[in-house]
Amino acid sequence: MDFSTFDEALDLAIGREAAAVQFYTDLLALASFAAQKSVLEEFRAMETGHVTMLTNIRMRGRIELSATAAVDLALARRLDAEDKATAVMSFQDILVSAIKKEERAGDLYADLAAAASVPEVKEIFQRLAAEESRHRRYFEELYESEISRDN
Amino acid sequence: MNELAERLARRYDAEGWHEQRKDLASISIPALRVRDVLAWLRDEEGYKHLSFITAIDNIERGVFTLTYTVRNHDTKHSLMVHADIIRENPVVDSVHLLWEQAWTYQRELKEWFGIDCPGSPRKDEEFVLEGWDQLPMMRRDFDSLAYSNATYAERPGRVTHDPAAYMKAQLYPEADQ
Amino acid sequence: MKRDRMPYIPPAERATPDLDSGKYLLMWQGPQHPGITGNMSLRLVIEGDTVVDCETHVGYLHRGFEKLMERRSWMQNFPLVCRIAVPEPDFNEYCYAAALEELSGIQIPEKAVWLRTFSLELMRLASYLMWIGGQAGSFGHGTIIQWSATMRDYVLDLFEELTGGRIYHMYIIPGGVRGDVPAGYFKHVLEVMDTVQKNLDDIELVMYHNAVFKLRAEGLGYIPPDWIDRYGITGPNARAAGIKRDLRKDLGYLAYPQLEFQPVVGSKSDAFERARLRLQEMYQCIDLIRQCIDLMPKEGPFRAKTPNPLYWKVPAGETYVAAECTRGEYGFYVVSDGSEKPRRVAVRGPSYTHAVSVMERLVRGVNIADVAGLMVSLHTYPPEIER
Amino acid sequence: MDIKDFIAPFAVWKRAFEKPFTVKKPIDERPGAPRYRGFHINDAQKCIGCGTCEAICMNKAIDLVPAAGYAAKEGDSGLRPRVDYGRCCWCALCVDVCPSGSLGMSNEYVWIDSDPEVFRYTPGVEAKPWDGSPLGYRRAEGYRLLEEQRVEMPELDYKEAVQTFLELVRGYSRQQAEKEADRCVSCGVCIASCPAHMDIPGYINAVREGDMQNGLRLLYETNPFPEACGRICTHRCEEACAIGTGGDPVAIRWLKRYIADQVELADYGKVLPRAEADSGKKIAVVGAGPGGLSAAYYLALLGHSVTVFEKDSEAGGMLRYGIPEYRLPYPALDKDIGYIESLGVKIERGTAVGSAVALAELRSRFDAVYLSTGLPAAYSLEVPGDKHPRVLDGVAVLAAATRGEPLGLGKRVAVVGGGNVAMDAARTALRNGAAVDILYRRRKEDMPADPDEIREAIAEGASLVEKAIPLEVRDAAGAIAGKQALFVWNEARMVQKEDGKRPVPEAIPGAVHEDPYDSIIAAIGQGPDLSFIGEADRLELRRFKPVVDGFGRIAEAAAGAAAEPGAPASASPSKAAAVFAGGDLVNDRKDAISAIADGHHAAQGIDRWLDRKGS
Amino acid sequence: MSSKKIEMAPLANEGLPLEERALFCDVPPREYEPARGVIEDFYNWARSQSLWILGFGTGCGAIELRPLMTSRFDMYRFGIQPRATPRQSSVFVIGGYASVKTLKRIVRSYEQMMGPKFVVALGSCTINGGMYWDSYNTIKRIDQYIPVDTYITGCMPRPEALLAGFQELKKIIRAGRAEGQNLYARNFEWYKENQKKVIKDWNMPDYNW
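Chains as they are written, first to last, in this note's numbering: chain A, 104 to 254; chain B, 87 to 263; chain C, 7 to 393; chain D, 41 to 655; chain E, 325 to 533.
Hints in this document: simulated from the structure, not taken from any laboratory.
Do not take every clue at face value.
To be verified - Heads up, simulated DSS-like pairs for lysine-lysine below, C-alpha to C-alpha not over 25 Å straight-line:
| hint | chain 1 | residue 1 | chain 2 | residue 2 |
| --- | --- | --- | --- | --- |
| 1 | D | K219 | C | K347 |
| 2 | C | K274 | C | K220 |
| 3 | C | K347 | D | K100 |
| 4 | A | K187 | D | K653 |
| 5 | D | K65 | D | K168 |
| 6 | D | K322 | D | K653 |
| 7 | C | K311 | D | K65 |
| 8 | D | K59 | C | K193 |
| 9 | C | K311 | C | K117 |
| 10 | C | K319 | C | K347 |
| 11 | E | K495 | D | K65 |
| 12 | D | K113 | B | K254 |
| 13 | B | K162 | C | K255 |
| 14 | D | K54 | C | K204 |
| 15 | C | K319 | D | K100 |
| 16 | D | K54 | C | K220 |
| 17 | D | K44 | D | K54 |
| 18 | D | K427 | D | K451 |
| 19 | C | K319 | C | K193 |
| 20 | C | K255 | B | K108 |
| 21 | C | K204 | D | K44 |
| 22 | D | K64 | E | K495 |
| 23 | C | K204 | D | K64 |
| 24 | D | K100 | B | K254 |
| 25 | D | K375 | D | K310 |
| 26 | B | K134 | C | K347 |
| 27 | D | K100 | D | K168 |
| 28 | D | K59 | C | K204 |
| 29 | C | K319 | C | K304 |
Sequences and hints are given; from them, build the entire structure.
Written as structure tokens, this is what we have:
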């Protein structure tokens, strides 16, 4: 898999974000009570926002994301990868799913950046990886402050 | 010293002997016997030295408690002799003939408490005050601060805050009902 | 040349001079007058240059301490009491603190006992040094005060080093004292004591062996021994009449029982005798200070624990604590009704007697020029009369 | 008179050649002594504006004024002492009494001005030439007017304590309590730190005065759980205590307990207020924990009729099921709850909202609903193997202990977590005869548990393993296979990865440990159970928390906007009773006293809302 | 007595017996009229170099005057010396708190001083009452009763502070800014009213010179 142009790379990224929106939509279908739904809707809206942002970038033809990756709290890698999608999923389950999803996305972009031969595209993927790391970090901090209060 | 207490009780209806220290005791006597007791203490018991005379305003009981403190220099013992006189009509025998300095104390009693000692020299002259037109100031019902605030101007511009009230106003004003 | 030809009027009822006769002159000495101790006044009636009648007027310094103390909490009174006798504040602090401790049942540590004794003796010395300048000055002898005021200042420097204050030391706090001595302090004290002693030797030569001083002071203000109890005279004024009476010995408070000293006693009971006796007491002070430094424990706490000063409630009771100050019996009568404030605090200052009853009697028949000298020889401080 | 009297005075001519006494330049040459009591200095950073200096000052020379750059915050009133040198007598009692030791005096003493108005300033805030002077009066070493050591609380011996469930802390005697109460300076800085804003100086003063009834009355003004809070409160007040800035803080919690212990339940009614009139309104409270019952108490005082729904068989919530009895004996808790019930509050025990009765039903039957359901669901370890049968959850273990069920923890127990639940679980395991390791991801000083609890747990024999990152739970192999679980954890070091944030534990490569345990108790945190709130309730939630206004009322989604097309019209929010929420469910502090404060606050909110609705 | 209304005009030495009124002045004080330019500067310089203090120890502050006037601090070398009578003095040192009884004497002594005259108030009690803020017998602000040129705060102010205060006073005098006595003349009735409010047995002339 190699991407040689800006548009190709961004198309991939937009596709990923759209898939993320779908990910939360799927979870929403499973949700059984109001609290779950409000969180999932909030996260889905975030991803929708990302789609819009990337689409705008693609239209302007210039990537405007920071290249600085967030500090890795090394939390995501430890978390149990087991599937959390159930009707009784707790806030913890939803957050773990979200963190894992961001982690997977970040890994993918990192791999693509490593594989890219065109310097421009490489940079795009690096920046996208950094962006995903910031998203992951956001969820990780939420996890630390809301879930893992006592450890 | 308890012998002295007994003698005082027998002769002068004294009561309430209290040994505060080994060299200090107090006892209460009827106000009418003040001069007798002090003269007796001075002449018969060796309490020749008068340390001071003062009074306590026991406004709750409606009395002034006079305190005569005398010392026996031979036994190094001091005795505080108490006598209650009613606040409405505070009069007590003068002891200025027993001790030459007593009249000054009695003048002070007159000015500071309004306690009269008939016969005491210059008792009605002003002592430390001048032009005083209030209650005798050592009475408990004279409020020094109120008088001072009403009479003497203060430099304005001072304001203070109570920490708890200030913190409430700053940090959680909504808790105010 | 003896001045005992000066008329001594035997105790008698006071004559009331007829001021309208034109024979007498009414004259106020004080409050604004260089020949008065502190801020007080004498209303003199003079005939020629002889005083025939005198009334002491006080109250110029009346601040109402005894009333104010009833308004303040027990600990808040601690800074207040020292102001009652300005030149000699420490005795107030001691008497008040001791009374409070007695009523509350607080034992003060050994070290505090010694530091209190030490500071009281130092205070006594400073007070005498102030007096001696006044005594010499009142007889027209201006040199002595130039020396003694400086000596006193050196002693005040010692106080400043120990307590942080020159005049008002506020050192003897209820429960003990406010701090241990700073490093090298006693060495400094001993140096100052040597200086003061040397200076006192000079003063003795210049003042006590001065014909003018002797002439004017001898025979002036004779107090007969039988007046001592009748007038309640205490301190050096009593001792100069041959009455051996010193509360430091009689009551044995603080560390005095462990110090070696004998009360200085005189016999002639006139102004010169009293001055001589006070000079000897100054030497005695220096000796006692040196003894204190030798005997004082080097280590140990200097203050006992006391209750929270904001809410200190003293058990109901009353006591009278007296101490021997430079003028005689200084005492605090403290009454507690069990609340956070004193019920009554009465202060017994020796000047109360000396400056009013005794002074009014002694000054009769005295030459107007000697009134100031006589008053100083009784060593009176007006602030402790009126409080 | 002899010849010496004429000659002797001349002898001192010899002094004419000695150095004169006169100081050449007195103003410049003589600084105050090192201890001189000169003008005030104040370390305004250290000062907390408690006003003890103002209280001791007999001259009323000190005012507390707001100081630029120092805002009011917990443990700091934001005020600073301002000295009036038209009053000051330089006694330095303010320096002696200053709890934090921030006040001092310089050795400067010259201040001259023609304008008498200038002699006032705030030391440390308004710059003065003598600021920071190293010389001048300071409180002497070993000399304090205030007692810096607290009266030690008598406790059971730890070796003995760990054998029983008897209450560890024995409580103060009268003499001890009065002595401890006497340490307080009544500054009131603590009040802001207490979530319930209890009148702490007031009730401490009641202890000092020996007036327990007044003390109890003051306690109940803001807190109907004095017995419980007197034992297990997180006592944030003590962190703000002015005395604590220079010594041990006043034992506010123990004094509260002392008051509550002194008054018999039968006498409560004589002291405490009751509702004046019945309002005729009915309120439902969901959850009989401290928050729910606190709301119930204050609602009952306002004359409302209150029914509390509790899913468990006993009331008390976490106070009963989360806190072991050696910390909070059941009789003490029953006393608090008993008094609330005596006011006519009905507690429906064993009635879970959501299953036994629907929220919507409550909303139609009652005039208002208060949710105080707390955080009953433990979060899982979230490592591979965390569903292993030997992995237990801390909250469940504690609840089982309360119910008297056999715990079956075994001989060797690992507790994962550093909060109070972890400590309680560890100490419960100790009392069941287990050897306990507490594994915590960060350092001891980072542990969120109460320092007392950590100290006591360790004293009772638990061993604390710091910086242990859980990795995995596996079945043990060999002889112990099936009976024990293998807990795999990685040793960590604390790394400061970002400035301004707390350090992060980072696994040390290779330092992996595997230890076999009979039980592994996970106590990493708890979450709410909100499954009883349906979408039709239209209550606004965000991240598993109700969105509430200042009085705890849950915002309601506008009709239609979020409503599903098929929702029944009868559930229109404007018709149904308002829902309020508080306690752990809503606030970030997650302790009993915050829940109590929320309950009190919501009771006032509900009352107001009913008023508005009624009129 | 406190309720007695004080009639301010005309001031006629009401407190005195008739036959004594003639002994006192019957016009209020006047403001000082400075000489022209350099001459006044010279006067001010001269005044500042000879501060003669009235020897009246009104309060505890007097105790630090004695070290000041003796050898250790030797204020004579700064041109400062005590005088026995108000007629010879130019500086009045208010030594701390003033009781009402003393205030009466302060007023009288101050008014008897020849102009130009200056007042130095030492101690916190003179500024705002000091530790006697709640006493029934001490005034709180001396500037209500007589004008003050310089304040020295402290309790006690040390002799050095007093010296520094006198140096400050010298500067003020030299700069021609010592307005105290003019203030008194200008607001004479206000001062009298204040004085009479606290001095209850007013038995002295209103014009004490």
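Okay, the hints, checked on the actual structure:
1. Proposed proximity of D/K219 and C/K347 is supported: the alpha carbons are some 19 Å apart, at most 25 Å.
2. Taking the CA atoms of C/K274 and C/K220, the gap is near 13 Å; set against the 25 Å cutoff, the hint holds.
3. Between C/K347 and D/K100 the alpha-carbon distance is near 16 Å, which keeps this suggested pair within the 25 Å criterion.
4. Restraint check: the Cα-Cα separation between A/K187 and D/K653 comes to about 44 Å, which exceeds 25 Å; the hinted pair is violated.
5. Pair hint D/K65 plus D/K168 holds up; C-alpha atoms about 24 Å apart against a cutoff of 25 Å.
6. A C-alpha spacing of about 14 Å is found between D/K322 and D/K653, which places the hinted pair at or below 25 Å, so the restraint holds.
7. Taken as a hint, the C/K311 and D/K65 pair is broken in the structure, with Cα atoms around 44 Å apart against an allowance of 25 Å.
8. For a cut-off of 25 Å, the pair hint linking D/K59 to C/K193 stands: about 21 Å separates their Cα positions.
9. For the hint pairing C/K311 with C/K117, the CA-to-CA distance comes to about 14 Å; that is within 25 Å, so the pair holds.
10. With a C-alpha separation of about 7 Å, the suggested pair C/K319 and C/K347 falls inside the 25 Å cut-off, and the hint holds.
11. Only pairs whose Cα atoms come within 25 Å are accepted, and E/K495 paired with D/K65 is accepted, the gap being roughly 18 Å.
12. Proposed proximity of D/K113 and B/K254 is supported: the alpha carbons are some 10 Å apart, at most 25 Å.
13. Pair hint B/K162 plus C/K255 holds up; C-alpha atoms about 10 Å apart against a cutoff of 25 Å.
14. Using a Cα cut-off of 25 Å, the hinted pair D/K54 and C/K204 holds, with the two alpha carbons roughly 13 Å apart.
15. Between the alpha carbons of C/K319 and D/K100 the distance comes to roughly 21 Å, so the proposed pair stays at or under 25 Å and holds.
16. Only pairs whose Cα atoms come within 25 Å are accepted, and D/K54 paired with C/K220 is accepted, the gap being roughly 23 Å.
17. Of the pairs offered as hints, the one joining D/K44 and D/K54 holds, with about 17 Å between alpha carbons and a cut-off of 25 Å not exceeded.
18. A threshold of 25 Å between alpha carbons decides the hint, and for D/K427 with D/K451 the separation of about 21 Å falls inside it, so the pair holds.
19. At roughly 41 Å between alpha-carbon atoms, C/K319 and C/K193 are farther apart than 25 Å, so this suggested pair is violated.
20. Distance check on the hinted pair: C/K255 and B/K108 sit about 15 Å apart at the alpha-carbon level, within 25 Å; holds.
21. A threshold of 25 Å between alpha carbons decides the hint, and for C/K204 with D/K44 the separation of about 19 Å falls inside it, so the pair holds.
22. Using a Cα cut-off of 25 Å, the hinted pair D/K64 and E/K495 holds, with the two alpha carbons roughly 20 Å apart.
23. As the CA atoms of C/K204 and D/K64 are separated by approximately 23 Å, the hinted pair is consistent with the 25 Å bound.
24. Of the pairs offered as hints, the one joining D/K100 and B/K254 holds, with about 24 Å between alpha carbons and a cut-off of 25 Å not exceeded.
25. Taken as a hint, the D/K375 and D/K310 pair is honoured in the structure, with Cα atoms around 15 Å apart against an allowance of 25 Å.
26. For a cut-off of 25 Å, the pair hint linking B/K134 to C/K347 is broken: about 33 Å separates their Cα positions.
27. The hinted pair formed by D/K100 and D/K168 meets the criterion: a straight-line CA distance of about 22 Å does not exceed 25 Å.
28. Restraint check: the Cα-Cα separation between D/K59 and C/K204 comes to about 14 Å, which is no more than 25 Å; the hinted pair holds.
29. Distance restraint check for C/K319 and C/K304: the Cα-Cα separation of roughly 33 Å exceeds the 25 Å cut-off, and the hinted pair is therefore not satisfied.
Consistency with the previously given hints fails for numbers 4, 7, 19, 26, 29, ordered from lowest to highest.
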